[in-house]
Amino acid sequence: MNEIAANVLKEDPRAIARLITFTENGDFEASNAMKDIHRFTGNAHVIGVTGVMGGGKSTLICEIAREFRKKGKKVGIIAIDPTSPFSGGALLGDRVRMMELAMDKGVFIRSMGTRGMLGGLASAVYDVVEILDASGKDIILIETVGVGQAEVDIIKIADTTLVVLVPGLGDSVQTIKAGLMEIADIFIINKADRPGVNQTVAEVESLVDIECSNEDRRTPVLKTIAKEVNGIKELVQEIETHKKYLKNCKKFDIKRKKRYEAELVEIIRKRLMNFIFDESKFKDKVELLIDQIYKKEIDPYSAADKILGKILK
Amino acid sequence: MNKKIRILIAKPGLDGHDRGAKIVARSLRNAGMEVIYTGLHQTAEMIVETAIQEDVDVIGLSLLSGAHMTLFTDVTKLLKKKKIEDIIVLGGGIIPEQDIPKLKKEGISGVFGPGTRTEEIVEFINKNVKK
Chain L
1 MNEIAANVLK EDPRAIARLI TFTENGDFEA SNAMKDIHRF TGNAHVIGVT
51 GVMGGGKSTL ICEIAREFRK KGKKVGIIAI DPTSPFSGGA LLGDRVRMME
101 LAMDKGVFIR SMGTRGMLGG LASAVYDVVE ILDASGKDII LIETVGVGQA
151 EVDIIKIADT TLVVLVPGLG DSVQTIKAGL MEIADIFIIN KADRPGVNQT
201 VAEVESLVDI ECSNEDRRTP VLKTIAKEVN GIKELVQEIE THKKYLKNCK
251 KFDIKRKKRY EAELVEIIRK RLMNFIFDES KFKDKVELLI DQIYKKEIDP
301 YSAADKILGK ILK
Chain D
1 MNKKIRILIA KPGLDGHDRG AKIVARSLRN AGMEVIYTGL HQTAEMIVET
51 AIQEDVDVIG LSLLSGAHMT LFTDVTKLLK KKKIEDIIVL GGGIIPEQDI
101 PKLKKEGISG VFGPGTRTEE IVEFINKNVK K
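Here the protein sequences come in this chain order: L and D.
Under my numbering, the first residue of the first sequence is numbered 1, with each subsequent residue one higher.
Under my numbering, the first residue of the second sequence is numbered 1, with each subsequent residue one higher.
Note that these hints are calculated values from the structure, not bench results.
Ideal Cβ positions, reconstructed from N, Cα and C, are used throughout, including at glycine.
Take the hints with a grain of salt, since some may be wrong.
Claimed, not checked - Listed next, the in silico DSSO-like pairs over lysine-lysine satisfying Cα-Cα at most 30 angstroms (straight line): (1) Lys74/L to Lys257/L; (2) Lys243/L to Lys233/L; (3) Lys77/D to Lys10/L; (4) Lys102/D to Lys35/L; (5) Lys270/L to Lys80/D; (6) Lys130/D to Lys74/L; (7) Lys105/L to Lys22/D; (8) Lys130/D to Lys283/L; (9) Lys105/L to Lys102/D; (10) Lys81/D to Lys283/L; (11) Lys81/D to Lys105/L; (12) Lys296/L to Lys283/L; (13) Lys10/L to Lys127/D; (14) Lys10/L to Lys22/D; (15) Lys35/L to Lys4/D.
Said to hold, decoys possible - Stretches of chain D that chain L covers, calculated by requiring three or more beta carbons in the stretch to come under 8 angstroms of a beta carbon on chain L: (16) 24-31; (17) 66-78.
To be verified - Derived CB-CB ranges, DEER-like: (18) Gly113/D to Lys257/L: 55 to 61 angstroms; (19) Lys83/D to Ala202/L: 44 to 50 angstroms; (20) Ala67/D to Gly42/L: 30 to 36 angstroms; (21) Arg217/L to Gly113/D: 44 to 50 angstroms; (22) Asp12/L to Thr118/D: 53 to 59 angstroms; (23) Lys243/L to His17/D: 43 to 49 angstroms.
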């Protein structure tokens with residue numbers, strides 16, 4: 001077995017961290033290790049936490065993690081922040097709200113930039129879930145970037161998706177319902193000590209009434225004040241109930257297969273993109289074609305045929 | 001391969017002035033790096049643990065209280081103890097001229113005081129991080 005993979009299985013934090021870096025960078029050393037660890041994965045409960053910007057997701061994740069720690073579970077946290085499309089850099093600041101977990105050996109936190117991925121996730125997030133899972137984490141919490149309407153990719157990877165809202169959103173609940181409201185397994189109204197909380201709960205409940213009228217499970221709507229550790233116990237209980245529900249009605253297997261489908265597509269996408277745009281012989285060819293399109297010597301569709309023809313034949 | 005430089009910006013000890021650290025963090029982001037910011041009041045243990053999990057190439061420490069001889073070298077000593085040799089440690093803040101050689105001897109590779117151009121820090125990192 002690959003050495004780094006073996007050390008990941010031994011829960012060595014430096015091996016875990018290094019393998020994550022390899023996968024993020026698309027280092028070829030990563031794929032051998034990833035092949036070795038896959039059969040040791042599948043045990044972790046993957047929980048996605050998404051919702052409006054400034055909703056208190058990081059603080060909430062810190063408290064959820066602490067509650068699971070009390071139950072003796074090992075926790076991995078993936079905190080995703082946006083990469084600047086201009087500089088390619090990122091300021092990853094979610095750990096500021098998680099410092100209470102910094103010295104806990106049963107918690108591994110990794111900050112990631114989106115590195116050009118849309119949808120609220122980072123491209124390597126599937127790999128990082130596998131790595132944390134293989135390293136013996138029982139619970140994996142993923143914090144997406146603050147979302148608006150379109151960043152709903154988290155459901156492709158999470159077993160349980162939490163959508164975090166805050167009081168006083170008012171009409172914005174209406175505007176976000178199209179994407180965000182459909183993906184929730186549990187709704188959380190955080191900062192519930194703020195005015196307008198009951199109205200927000202009522203608005204979300206009425207949306208749930210419509211969404212869940214034909215379902216066998218009604219999406220719960222919970223109130224929390226993460227900063228004061230209020231409502232966290234109930235939330236964690238609800239998360240565990242949801243997992244049992246998924247297992248009982250076989251939806252768990254369907255969700256997992258969907259995740260592997262998304263992961264497979266992502267691996268193929270990355271490899272193809274690298275093949276076309278990074279390999280030196282192809283890069284020149286692509287640049288030549290762009291030049292020809294500009295000069296109207298060829299059209300973009302025929303140019304695409306030329307590039308793909310080389311791969312597909 | 002698409003390697004990005006990752007850097008941890010941390011404030012050890014009890015000093016609560018983080019404007020300089022935040023400006024440096026922004027400049028490094030604008031230079032295409034991934035900057036992990038952990039906020040105030042970090043212990044050496046917290047900083048090293050975070051650096052391991054985040055697999056950073058560089059740790060940037062900022063301190064304005066005058067306790068840099070102790071707090072900066074606590075970090076380099078702990079790295080040494082854990083046999084971590086591939087992380088560069090930099091210091092910034094109010095550091096008297098005469099302390100700089102002593103800090104360098106203790107493993108702080110670069111010291112950047114007030115008035116440093118941010119480009120200088122970016123250049124130093126780009127030059128010293130192994131590609």
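(message) Under the constraints set out in the numbered hints, which ones does this structure not fulfil?
(response) Going through the list in order, the structure violates hints 4, 5, 6, 9, 10, 13, 14, 17, 19, 20, 21 and 22 and respects the others.
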